[in-house]
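Trainee: Protein chains in written order, with this note's numbering: chain S, 256 to 570; chain C, 2 to 418; chain F, 4 to 425.
For the record, the hints were derived by calculation from the structure and aren't laboratory data.
Hints should not be assumed to be uniformly reliable.
Unchecked claim - Covered, in the sense of this in silico footprint (three residues per stretch, anywhere, with C-beta under 8 angstroms from a C-beta of chain C), are these stretches of chain F: (1) 38 to 49; (2) 55 to 68; (3) 85 to 98; (4) 109 to 120; (5) 185 to 193; (6) 211 to 220.
Backbone N, C-alpha and C fix where the C-beta goes; we use that ideal spot for every residue, glycine too.
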Amino acid sequence: MESFIFAMFNGVLYGMLLFLLASGLTLIFSMMGVLNFAHASFFMLGAYFAYQISEGLNFWAALIVAPVIVGMVGAGIERWGLRPVHRYGHVAELLFTFGVAYVIEELVQMIWGRVPVPYEIPDAMSGALFTWQGFDYSIYRVFMLVVSVAIFVALFALLTYTRIGLIIRAAVSDPIHVATLGHDIPRIFMWTFGFGCALAGVAGVVGGNVLGTEPAMAIQLGPIVFVVIVIGGLGSLGGALVAALIIGIVTRLAIFYDYGVGSLVLALGLEIDTAGMLRDFTRITTAQVAPVLPYLMLVLMLIFKPRGLFGTRDV
Amino acid sequence: MGRLAPWIGGAIVLIALPHVFSSGFALTLMSQIGLLIVFALAYNMLLGQGGMLSFGHAVYFGLAGYFTIHYLNFIYEEEVPYIPVTLIPLLGGLVGLFFGILIGYVSTRRAGTTFAMISLGFGEMVTALTLVLVAIFNGEDGIQTDRVIGEELFGVTYGPNIEVYYLIAGWCLLCTLAMFLLTRTPFGRISNAVRDNPERVEFIGYSSQRIRWLAFSLSSFFAGIAGALHAVNIEHVGFEQVSVLQSGLVLFMVYIGGTASFVGPIIGATLLYFLQSTLTGVTEAWVLYLGVMFVAVIMFFPGGLAGLITMHQPIWRVHARLLAPLLIPYTRFFAALVASVLGCIGLIEMLYFRSSRLSTETELVIYGIESDPFSAVPWIVFTGIAVAGGFAVRKTLPSAVSAWNTAIADARTLPRG
Amino acid sequence: MALIKLVRTFAVMFPVVVVAFSARGADTVKLGLIEPFSGPIAAVGRDTLEIFEFFANEVNQRGGVLGGRHIEIVPLDNAMNAEKTTQQLRKVIDDDIRFVSQGVGSNHALNIIKFLQRHNRRNPDQAILYLNHSAVTTSFTNELCSFWHFRFDANVDMKVAALVTQLGRDSSVQKLYMLNQNYAYGQAFQAAAQQMLAERAPGIELVGDELIVPFGKVLDFTPYIAKIKAAGADTVLTGNWGPDLVRFVKAASEANLDASFYTIYAGIPSSVAGIGAKDGIATRLKQVTEMHENDPLYDQQPAELLDTYDRWRQQTGKSIYSERMRWTIEFFAAALDKAGSDDPALVAAAMEGMTMDGPAGPLVMRGEDHQIIFPMVISTMAEDLERPYIYEGDNYEVAFATDGWIMSDAIELPTSCEMKRP
Numbered sequence: 256m257e258s259f260i261f262a263m264f265n266g267v268l269y270g271m272l273l274f275l276l277a278s279g280l281t282l283i284f285s286m287m288g289v290l291n292f293a294h295a296s297f298f299m300l301g302a303y304f305a306y307q308i309s310e311g312l313n314f315w316a317a318l319i320v321a322p323v324i325v326g327m328v329g330a331g332i333e334r335w336g337l338r339p340v341h342r343y344g345h346v347a348e349l350l351f352t353f354g355v356a357y358v359i360e361e362l363v364q365m366i367w368g369r370v371p372v373p374y375e376i377p378d379a380m381s382g383a384l385f386t387w388q389g390f391d392y393s394i395y396r397v398f399m400l401v402v403s404v405a406i407f408v409a410l411f412a413l414l415t416y417t418r419i420g421l422i423i424r425a426a427v428s429d430p431i432h433v434a435t436l437g438h439d440i441p442r443i444f445m446w447t448f449g450f451g452c453a454l455a456g457v458a459g460v461v462g463g464n465v466l467g468t469e470p471a472m473a474i475q476l477g478p479i480v481f482v483v484i485v486i487g488g489l490g491s492l493g494g495a496l497v498a499a500l501i502i503g504i505v506t507r508l509a510i511f512y513d514y515g516v517g518s519l520v521l522a523l524g525l526e527i528d529t530a531g532m533l534r535d536f537t538r539i540t541t542a543q544v545a546p547v548l549p550y551l552m553l554v555l556m557l558i559f560k561p562r563g564l565f566g567t568r569d570v
Numbered sequence: 002m003g004r005l006a007p008w009i010g011g012a013i014v015l016i017a018l019p020h021v022f023s024s025g026f027a028l029t030l031m032s033q034i035g036l037l038i039v040f041a042l043a044y045n046m047l048l049g050q051g052g053m054l055s056f057g058h059a060v061y062f063g064l065a066g067y068f069t070i071h072y073l074n075f076i077y078e079e080e081v082p083y084i085p086v087t088l089i090p091l092l093g094g095l096v097g098l099f100f101g102i103l104i105g106y107v108s109t110r111r112a113g114t115t116f117a118m119i120s121l122g123f124g125e126m127v128t129a130l131t132l133v134l135v136a137i138f139n140g141e142d143g144i145q146t147d148r149v150i151g152e153e154l155f156g157v158t159y160g161p162n163i164e165v166y167y168l169i170a171g172w173c174l175l176c177t178l179a180m181f182l183l184t185r186t187p188f189g190r191i192s193n194a195v196r197d198n199p200e201r202v203e204f205i206g207y208s209s210q211r212i213r214w215l216a217f218s219l220s221s222f223f224a225g226i227a228g229a230l231h232a233v234n235i236e237h238v239g240f241e242q243v244s245v246l247q248s249g250l251v252l253f254m255v256y257i258g259g260t261a262s263f264v265g266p267i268i269g270a271t272l273l274y275f276l277q278s279t280l281t282g283v284t285e286a287w288v289l290y291l292g293v294m295f296v297a298v299i300m301f302f303p304g305g306l307a308g309l310i311t312m313h314q315p316i317w318r319v320h321a322r323l324l325a326p327l328l329i330p331y332t333r334f335f336a337a338l339v340a341s342v343l344g345c346i347g348l349i350e351m352l353y354f355r356s357s358r359l360s361t362e363t364e365l366v367i368y369g370i371e372s373d374p375f376s377a378v379p380w381i382v383f384t385g386i387a388v389a390g391g392f393a394v395r396k397t398l399p400s401a402v403s404a405w406n407t408a409i410a411d412a413r414t415l416p417r418g
Numbered sequence: 004m005a006l007i008k009l010v011r012t013f014a015v016m017f018p019v020v021v022v023a024f025s026a027r028g029a030d031t032v033k034l035g036l037i038e039p040f041s042g043p044i045a046a047v048g049r050d051t052l053e054i055f056e057f058f059a060n061e062v063n064q065r066g067g068v069l070g071g072r073h074i075e076i077v078p079l080d081n082a083m084n085a086e087k088t089t090q091q092l093r094k095v096i097d098d099d100i101r102f103v104s105q106g107v108g109s110n111h112a113l114n115i116i117k118f119l120q121r122h123n124r125r126n127p128d129q130a131i132l133y134l135n136h137s138a139v140t141t142s143f144t145n146e147l148c149s150f151w152h153f154r155f156d157a158n159v160d161m162k163v164a165a166l167v168t169q170l171g172r173d174s175s176v177q178k179l180y181m182l183n184q185n186y187a188y189g190q191a192f193q194a195a196a197q198q199m200l201a202e203r204a205p206g207i208e209l210v211g212d213e214l215i216v217p218f219g220k221v222l223d224f225t226p227y228i229a230k231i232k233a234a235g236a237d238t239v240l241t242g243n244w245g246p247d248l249v250r251f252v253k254a255a256s257e258a259n260l261d262a263s264f265y266t267i268y269a270g271i272p273s274s275v276a277g278i279g280a281k282d283g284i285a286t287r288l289k290q291v292t293e294m295h296e297n298d299p300l301y302d303q304q305p306a307e308l309l310d311t312y313d314r315w316r317q318q319t320g321k322s323i324y325s326e327r328m329r330w331t332i333e334f335f336a337a338a339l340d341k342a343g344s345d346d347p348a349l350v351a352a353a354m355e356g357m358t359m360d361g362p363a364g365p366l367v368m369r370g371e372d373h374q375i376i377f378p379m380v381i382s383t384m385a386e387d388l389e390r391p392y393i394y395e396g397d398n399y400e401v402a403f404a405t406d407g408w409i410m411s412d413a414i415e416l417p418t419s420c421e422m423k424r425p
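Generate coordinates for the entire structure from the input sequences, incorporating the hints supplied.
Mentor: Written as structure tokens, this is what we have:
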């Protein structure tokens with residue numbers, strides 16, 4: 256039981272980190288129709304900027320400044336890169352971000368080198384906040400949880416109760432009408448893109464020191480974020496939250512409660528083939544396939560409910 | 002006769018090439034390009050002709066490769082009926098077709114972004130499985146074979162690389178012809194229609210989903226042939242061949258070459274693989290150049306390289322002499338472009354040298370000139386070239402564009418011939 | 004014909020950017036080095052190249068081989084891609100290079116072994132010899148062994164043997180947890196460890212034995228840490244490398260897991276840089292290597308060698324973490340001289356059974372399977388040592404301190420190799 260709660264805690268935490276990434280992506284997608292393949296690259300930039308700033312100043316400065324810079328970079332790429340491509344259609348836009356992801360990765364390697372950089376958890380927050388039933392709940396992880404929950408609440412409030420939020424929500428559902436009301440849609444697009452990237456940047460700042468800050472981190476995390484927003488339903492912040500939490504928790508529990516295909520086969524009274532080519536199928540356990548589960552969920556979801564959990568329109 | 006000319010010409014080039022470039026390296030390179038052309042054309046059946054963006058098409062390429070290698074090894078152990086290596090690619094094609102029908106059934110139910118996402122999901126899953134199912138895929142090590150399984154017609158054993166080159170060249174020509182003819186069939190036309198307007202296709206009585214499924218399966222068939230040829234050429238297949246990286250590479254090839262024209266993927270596959278193979282030994286920044294090139298193509302000429310050619314087609318169709326006035330403005334524009342690109346390459350190379358130089362590397366030679374990245378002079382020179390080139394590009398572009406506009410207007414007014 | 008000439012000229016002109024290396028001469032003995040010099044793990048390949056260049060240059064400065072000829076290292080980029088490896092091998096044949104070396108990625112090593120077996124059988128006059136400096140798959144010197152392959156690194160089984168022997172010595176080890184990557188290498192590590200634990204350390208209880216999806220797919224290791232805690236393990240044994248090692252260790256440190264980590268690859272630059280001092284010390288991170296800079300035996304090595312090391316550190320700003328690459332060059336040079344020829348078959352014959360002095364005992368190239376045998380050292384990450392770890396000029400302020408040496412007799416394992424000699 257104690258380990259179950261520990262696994263749940265970490266599942267929720269990881270889910271919230273995914274949500275930070277996914278929220279920006281789903282905002283961008285629902286408004287502009289662009290699936291930003293480079294989104295995880297902005298997450299990586301956040302981590303690298305945070306490392307650089309915390310080397311010079313400290314972690315708290317990084318937490319504020321790094322996402323702002325990432326947001327500016329994102330807005331710049333939207334303004335001078337993505338906007339000219341807009342007229343060639345969504346596939347071209349998607350491919351553009353795909354190319355940007357390559358370029359960012361190479362630039363990061365050129366500037367910070369190809370080995371990981373030592374971006375560490377600040378000393379003030381290393382160590383356990385409390386120990387419960389033999390498991391340490393570290394200060395930093397609790398802090399991460401607080402940050403991500405705070406951002407979720409702030410985002411929700413922003414979209415629901417402010418005028419900017421109203422315009423953004425309107426632009427999401429009907430950009431043409433909003434434009435006819437006199438709003439500068441390209442500018443809203445640019446700032447939304449920048450804002451979404453900044454959210455990814457925050458995730459990079461708080462997650463980079465836990466996951467390791469290295470050039471391959473974008474490629475490793477990128478596809479999972481897509482899975483989250485597709486399962487949650489595109490354009491739905493609540494959906495992204497639920498999907499991120501589901502993926503966070505399911506992958507952790509799969510590791511924790513390690514059931515194998517072999518035990519299932521035995522339970523069915525069948526004989527296990529230990530020598531043939533298919534022998535590995537009987538050896539697969541849930542823990543081994545945990546990282547693949549999100550993709551399985553994605554494929555199943557798209558086949559049976561292409562709108563995702565809370566989506567209001569097709570992908 | 003005029004229609005056959007490009008095919009005969011292509012065949013002659015394919016036969017002649019190994020006599021011009023006969024080294025083992027060149028033969029492998031040309032063989033790889035040959036099979037990548039098949040793969041790229043197969044991919045463009047989806048992207049260009051069917052409007053389906055896939056991030057996981059290497060799955061069919063790679064799985065066919067795995068199957069081929071296993072089959073060759075089984076022939077050794079005499080566990081399966083003998084098939085001559087000449088016909089092995091067909092077997093690979095059938096494997097690709099099998100998985101294409103299977104996975105295509107679920108993934109082609111929707112087009113657009115849904116399809117792209119499902120293909121990404123399948124790509125990631127299959128890559129992960131190749132590492133988990135060791136008995137079949139042998140994890141990171143991949144599986145090997147010896148392609149020499151016996152003597153075939155005319156004493157061909159496929160031991161020497163030149164024989165494999167001709168095997169690949171033959172299949173490449175055959176598949177290219179087949180795929181070209183497919184675009185001329187009613188199926189090819191209706192596939193284009195599904196890309197452009199699926200609703201209308203439904204109105205005239207076709208199932209757009211069925212058409213997508215058929216296109217997907219056929220594309221997987223040709224991807225499978227390419228995968229089998231790859232297995233025969235390299236005698237090894239590993240998880241890289243099914244990975245999303247391989248899928249991304251073929252996407253780059255097709256898009257840079259041009260999706261709208263049939264020859265686009267051929268140009269893209271040839272150019273990209275040639276550059277990749279020759280540049281990796283020369284510059285560390287290769288991946289950066291690839292990314293920048295891809296982004297530049299999307300931003301500035303989304304028709305790809307083939308698009309640049311086809312936009313002049315209506316002009317020379319009318320009369321080749323109409324191209325003459327284009328020569329000077331084009332030359333000026335390209336000179337400016339080349340200068341700015343060369344300047345930028347110089348700067349990037351010096352940056353890379355400074356950031357990741359090895360202590361045993363003593364000097365950097367750019368364009369045959371020794372450049373010291375730790376002194377100011379080369380930086381000033383290359384920045385100057387890049388900036389001046391950039392300005393010149395902006396200056397010369399309008400006249401190049403207006404020259405083209407004039408030429409195309411002339412071509413419209415003049416009668417043919 | 005003019006067209007052909009034009010095309011050829013273009014092909015020759017093509018390399019517009021050239022990075023020049025120190026040793027380039029007419030009459031050299033060429034050693035092709037096939038490694039990733041571009042792409043995501045180019046750093047590993049380029050570090051290897053630097054070591055090879057540096058120590059080949061040392062041999063050349065001493066007067067070269069075969070009465071004055073120099074060793075020239077020819078870098079060949081495979082971009083960590085199997086088809087590129089094959090392509091570069093064909094280039095090796097084109098350019099009449101008769102010796103190749105490689106070590107990053109056992110899949111490429113296997114490719115080279117198989118390729119050379121076919122090539123050398125079909126073209127005995129153009130035989131090529133392969134010096135494997137780091138690929139550790141045990142079968143290369145067992146059932147897959149080849150006359151044309153020599154390995155200068157301990158194989159997985161030998162490394163596991165060293166680690167398990169040390170585990171048996173360490174009385175604080177009671178409950179052991181194993182975690183490995185689920186692919187050929189990780190599974191081989193797991194199988195070897197299971198067998199040797201039963202033989203050499205029967206007192207240790209194996210409280211967990213886990214395989215994970217490899218290559219950075221696991222982003223968060225905390226659930227594994229929770230399992231290790233729940234199992235009450237005091238020691239972790241893992242063959243993980245790359246992000247799978249870095250994240251594992253960092254997650255353990257962050258969760259205050261009180262356990263020692265026995266690993267193979269903790270001491271390579273990307274691991275040290277990624278893990279960092281704090282987490283490495285908190286997890287009592289251990290590695291098994293052929294040597295390390297803070298071992299008491301380090302200073303007892305010959306003066307000229309210490310001199311060379313000092314120059315290496317000064318010139319490159321990097322610590323010495325893989326002696327085996329230096330050995331590869333030294334054995335190569337010695338075998339050339341012993342054979343008195345650059346014929347690969349003669350050089351291979353000369354290398355069989357060759358010995359050299361190592362820091363703690365002789366290095367022996369075993370003739371029956373071409374596997375090098377040498378004493379290995381287990382060391383733990385620690386602060387305040389004489390030579391802190393440096394990489395590209397950055398000082399990481401930690402290094403490794405010796406726990407103990409495992410002598411050759413404990414590491415030398417029988418081989419099933421049935422070598423076919425030409």
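Trainee: Hint by hint, note whether the structure agrees.
Mentor: Each hint, compared with the structure:
Interface restraint, the stretch 38 to 49 of chain F with chain C: holds (6 residues with C-beta to C-beta distance below 8 angstroms; minimum three). With a cut-off of 8 angstroms between beta carbons, the stretch 55 to 68 of chain F has 3 residues touching chain C; three or more are needed, and the interface restraint holds. Closer than 8 angstroms: that is the beta-carbon criterion, and the stretch 85 to 98 of chain F has 9 residues meeting it against chain C, so the requirement of 3 holds. With a cut-off of 8 angstroms between beta carbons, the stretch 109 to 120 of chain F has 6 residues touching chain C; three or more are needed, and the interface restraint holds.
Given a C-beta distance limit of less than 8 angstroms, the hint that chain C covers the stretch 185 to 193 of chain F holds, as 5 residues qualify and 3 suffice. Here the stretch 211 to 220 of chain F counts 4 residues with a CB under 8 angstroms from a CB of chain C, which clears the bar of 3, and the coverage holds.
Of the numbered hints stated above, none is contradicted by the structure.
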